[in-house]
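Peer 1: Each chain is listed here by its residues.
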Amino acid sequence: MSTATHDSEHDHAHDDGAVHAHISPVIFMIGIFAALIFLTVVTVAISYVDLGSANTFVAMLVATMKASLVAAFFMHLRYDHPFNAIIFVLSFLFLGLLMIFSVEDINSRGAIDRANGVQVLERTGARAPGGLPESSLTPPPGHAAGGHAPAAGHAPAGEHH
Amino acid sequence: MSTASDTHEGEQGHGHGHDPFLAHHFDTPAQQFDTAKLGMWVFICTEILMFGGLFVAYGILRNNSPEMVHAAHTHLNRIQGATNTVVLLFSSLTAALAVRSAQVGDRKAVNRWLGITIACAAIFFVVKFFEYSAKFQHGLLPGRYFTGHLHNDPTSMHLPLTFEAHRFFSLYFMMTGLHGIHVLIGMGVLAWAMRENMRGRVTPGHFTAVEIGALYWHLVDLVWIYLFPLLYLVG
Chain A
2 MSTATHDSEH DHAHDDGAVH AHISPVIFMI GIFAALIFLT VVTVAISYVD LGSANTFVAM
62 LVATMKASLV AAFFMHLRYD HPFNAIIFVL SFLFLGLLMI FSVEDINSRG AIDRANGVQV
122 LERTGARAPG GLPESSLTPP PGHAAGGHAP AAGHAPAGEH H
Chain B
-2 MSTASDTHEG EQGHGHGHDP FLAHHFDTPA QQFDTAKLGM WVFICTEILM FGGLFVAYGI
58 LRNNSPEMVH AAHTHLNRIQ GATNTVVLLF SSLTAALAVR SAQVGDRKAV NRWLGITIAC
118 AAIFFVVKFF EYSAKFQHGL LPGRYFTGHL HNDPTSMHLP LTFEAHRFFS LYFMMTGLHG
178 IHVLIGMGVL AWAMRENMRG RVTPGHFTAV EIGALYWHLV DLVWIYLFPL LYLVG
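Quick mapping for you: the protein sequence lines, in order, are chains A and B.
With this note's numbering as the guide, the letters of the first sequence map in order to residues 2 to 162.
With this note's numbering as the guide, the letters of the second sequence map in order to residues -2 to 232.
Heads up, a few of these hints could be off.
[Claimed, not checked] For each label pair, taking beta carbons as the anchor points, the in silico distance ranges come out as:
#1 A:Arg79 x B:Gly136: 44 to 50 Å
#2 A:Asn108 x B:Ser130: 18 to 24 Å
#3 B:Gly140 x A:Phe102: 37 to 43 Å
#4 A:Asp106 x B:Thr71: 27 to 33 Å
#5 B:Leu147 x A:Phe102: 23 to 29 Å
#6 A:Phe39 x B:Thr71: 24 to 30 Å
#7 A:Gly53 x B:Gly36: 42 to 48 Å
#8 B:Thr152 x A:Gly97: 38 to 44 Å
#9 A:His82 x B:Arg75: 22 to 28 Å
#10 A:Ala35 x B:Leu35: 28 to 34 Å
#11 B:Leu35 x A:Asp106: 32 to 38 Å
#12 A:Val42 x B:Asp103: 48 to 54 Å
[To be verified] Beyond 12 Å from chain A on every Cβ pair, some chain B residues (computed):
#13 Gln28
#14 Cys42
#15 Phe48
#16 Arg75
#17 Val96
#18 Gln100
#19 Phe122
#20 Val124
#21 Lys125
#22 Lys132
#23 Gln134
#24 Gly136
#25 Ser167
#26 Gly174
#27 Pro226
Rather than coming from a laboratory, the hints here were simulated on the basis of the structure.
All values derive from a computational prediction rather than experimental measurement.
For every residue, glycine included, the Cβ atom is placed at its ideal position computed from N, Cα and C.
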């Protein structure tokens, strides 16, 4: 913020420096509350209908509508300095970044191949480059007992690097 | 937040006496108010990122084990979750009305609305108590304390669980527990705003305490708006 000098008070000809916040009518706030309750009923009702993967999308859409109402009118972002709204929205953008890269990482990462440490993409069975030569592979100890090594089932594709 | 307690020095330092609540390092009450709000919004941003980590963990858990999460979420009580949603939404309304009353200078109304908001927080905890008790009773606990898979009842509407479901309940208790801590802190913040109001330090030109307290309370509501459908409804 600007450094404190008394002259700066006179720079704002129409601004007396007092707090002038927007005052919403009570009836308007009750209307927002009614809208929030209505959206809550909608989201609970829709959750009983099986829409497949669209259920999550609809639930998030309704939740975001509710959050927007609360932020815009109960938290006064609608009437506030835009900078506060920018901070608020930015936090969701960064959260989206965290979400996108985490999920992308999980989806594109294979399990560790217990046999040779090479990463295997489980969905396609593809072998990542690297690891030990195929000739040195030995079944891991206790391999027959455990059903916990899906990667061990993939036949080596014969790629040497 | 500390500006309110610094006002006495500020009054003397400024030397004009036109606003007893204006701290000496601010030009105008409006600047002081906007600064406090800016700080609160930055804090809200950090809160969103903190809860965001848990939401990402939830997304990954669902992504990895959709069947387990679906089965586990049927063990949560939708009625209790929806009740707490309504309670929190209503308390958000009363918090906003408390700010409005402060803006128009109705001191008694500020106390009344803040009191109702705090009472709603208490109701939230009563519902939460019954909810958590039922989870404890059925062994739906985090990590190695989980025994829910031993209590599967084929006649119930709940889907049977495997031990893997302990991961869902770890996240459930982590998310609702962290949110519950925020409700508790919110009660404290609102009680502080109420005390400021009772001491006559809330006026139409200086209602920072009520405004900031209400912003924190709305944040608690915002988090629940996302927690409720994700945990209770769509699992």
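Peer 1: If a hint holds in the structure, say so; if it doesn't, say that too.
Peer 2: Structure-based check of all given hints:
1. A:Arg79 x B:Gly136: 44 to 50 Å: About 47 Å separates the Cβ atoms of arginine 79 of chain A and glycine 136 of chain B, which means 44 to 50 Å holds.
2. A:Asn108 x B:Ser130: 18 to 24 Å: 38 Å, violated
3. B:Gly140 x A:Phe102: 37 to 43 Å: Hint violated: Cβ distance 27 Å, outside 37 to 43 Å.
4. A:Asp106 x B:Thr71: 27 to 33 Å: Given about 29 Å between the Cβ atoms, the range holds.
5. B:Leu147 x A:Phe102: 23 to 29 Å: 38 Å, violated
6. A:Phe39 x B:Thr71: 24 to 30 Å: 26 Å, holds
7. A:Gly53 x B:Gly36: 42 to 48 Å: 44 Å, holds
8. B:Thr152 x A:Gly97: 38 to 44 Å: 43 Å, holds
9. A:His82 x B:Arg75: 22 to 28 Å: 39 Å, violated
10. A:Ala35 x B:Leu35: 28 to 34 Å: 31 Å, holds
11. B:Leu35 x A:Asp106: 32 to 38 Å: About 34 Å separates the Cβ atoms of leucine 35 of chain B and aspartate 106 of chain A, which means 32 to 38 Å holds.
12. A:Val42 x B:Asp103: 48 to 54 Å: At 32 Å between Cβs, range violated.
13. Gln28: 6 Å, violated
14. Cys42: 4 Å, violated
15. Phe48: 9 Å, violated
16. Arg75: 7 Å, violated
17. Val96: Not fine: 8 Å to the nearest Cβ puts valine 96 of chain B too close to chain A.
18. Gln100: Label violated. Min Cβ-Cβ 5 Å, cutoff 12 Å.
19. Phe122: 20 Å, holds
20. Val124: 15 Å, holds
21. Lys125: Nearest chain A Cβ is 18 Å from lysine 125 of chain B, so the label holds.
22. Lys132: Lysine 132 of chain B is indeed farther than 12 Å from all Cβ atoms of chain A, at 20 Å.
23. Gln134: 25 Å, holds
24. Gly136: Answer for glycine 136 of chain B: holds, closest chain A Cβ roughly 25 Å.
25. Ser167: Since the minimum Cβ distance to chain A is about 18 Å, serine 167 of chain B lies beyond 12 Å and the statement holds.
26. Gly174: The claim stands: glycine 174 of chain B keeps its Cβ more than 12 Å from every Cβ of chain A (closest is about 20 Å).
27. Pro226: Contrary to the label, proline 226 of chain B does not stay out of reach of chain A, its closest Cβ about 4 Å off (not over 12 Å).
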